[in-house]
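Let the hints inform the model, and build the full structure from the sequences given.
The sequence shown begins at 433 in my numbering and counts up by one.
Quick caveat, the hints were computed from the structure, so don't treat them as lab data. Quick caveat, the model's predicted, so the values are computed rather than measured.
Each pair of labels, with its calculated beta carbon distance range:
| # | residue 1 | residue 2 | range |
| --- | --- | --- | --- |
| 1 | K484 | P441 | 26 to 36 Å |
| 2 | G486 | D442 | 27 to 37 Å |
| 3 | E443 | A488 | 30 to 40 Å |
| 4 | G445 | A488 | 30 to 40 Å |
| 5 | L482 | A502 | 42 to 52 Å |
| 6 | S436 | G477 | 10 to 20 Å |
The list that follows gives simulated cross-link-like pairs (lysine to any residue, SDA-like), each with its CA atoms no further than 25 Å apart:
| # | residue 1 | residue 2 |
| --- | --- | --- |
| 7 | K483 | L454 |
| 8 | K472 | E491 |
| 9 | K472 | H440 |
| 10 | K472 | W448 |
| 11 | K483 | Q493 |
| 12 | K472 | A488 |
| 13 | K472 | F447 |
| 14 | K472 | V495 |
| 15 | K483 | C457 |
| 16 | K472 | G486 |
| 17 | K483 | M433 |
| 18 | K472 | P455 |
| 19 | K472 | S434 |
| 20 | K472 | V497 |
| 21 | K484 | E469 |
| 22 | K484 | L454 |
| 23 | K472 | S436 |
| 24 | K484 | L435 |
| 25 | K472 | G461 |
| 26 | K472 | P441 |
| 27 | K472 | D487 |
| 28 | K483 | A453 |
| 29 | K483 | E469 |
| 30 | K484 | S436 |
| 31 | K483 | E450 |
| 32 | K483 | D473 |
| 33 | K472 | K483 |
| 34 | K484 | M433 |
| 35 | K483 | L435 |
| 36 | K484 | E450 |
| 37 | K472 | V496 |
| 38 | K472 | L482 |
| 39 | K472 | V439 |
| 40 | K483 | S434 |
Yeah, the Cβ is synthetic: ideal placement off N, Cα and C, and Gly gets one too.
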Amino acid sequence: MSLSLIVHPDETGGFWTEVPALPGCGSQGETLDEAVEMTKDAIEGYAESLKKHGDALPEEQTVVVTVTIAA
433 MSLSLIVHPD ETGGFWTEVP ALPGCGSQGE TLDEAVEMTK DAIEGYAESL
483 KKHGDALPEE QTVVVTVTIA A
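In structure tokens form, the structure reads like this:
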């Protein structure tokens, strides 16, 4: 299964992430790679919790669009 992550630079250094398809799911890390790996772990935990409660992971619904504007 593939899920979209949004990665944000943190004001104090490092990165934090969110997973739009999984409300409340995200993580952080000192490096981009660490933030992504930590988010994978968070997704696995989220999926285990859903499974434990008899629910399935929701389908990815995120649409990413990049727009260009005159500055």
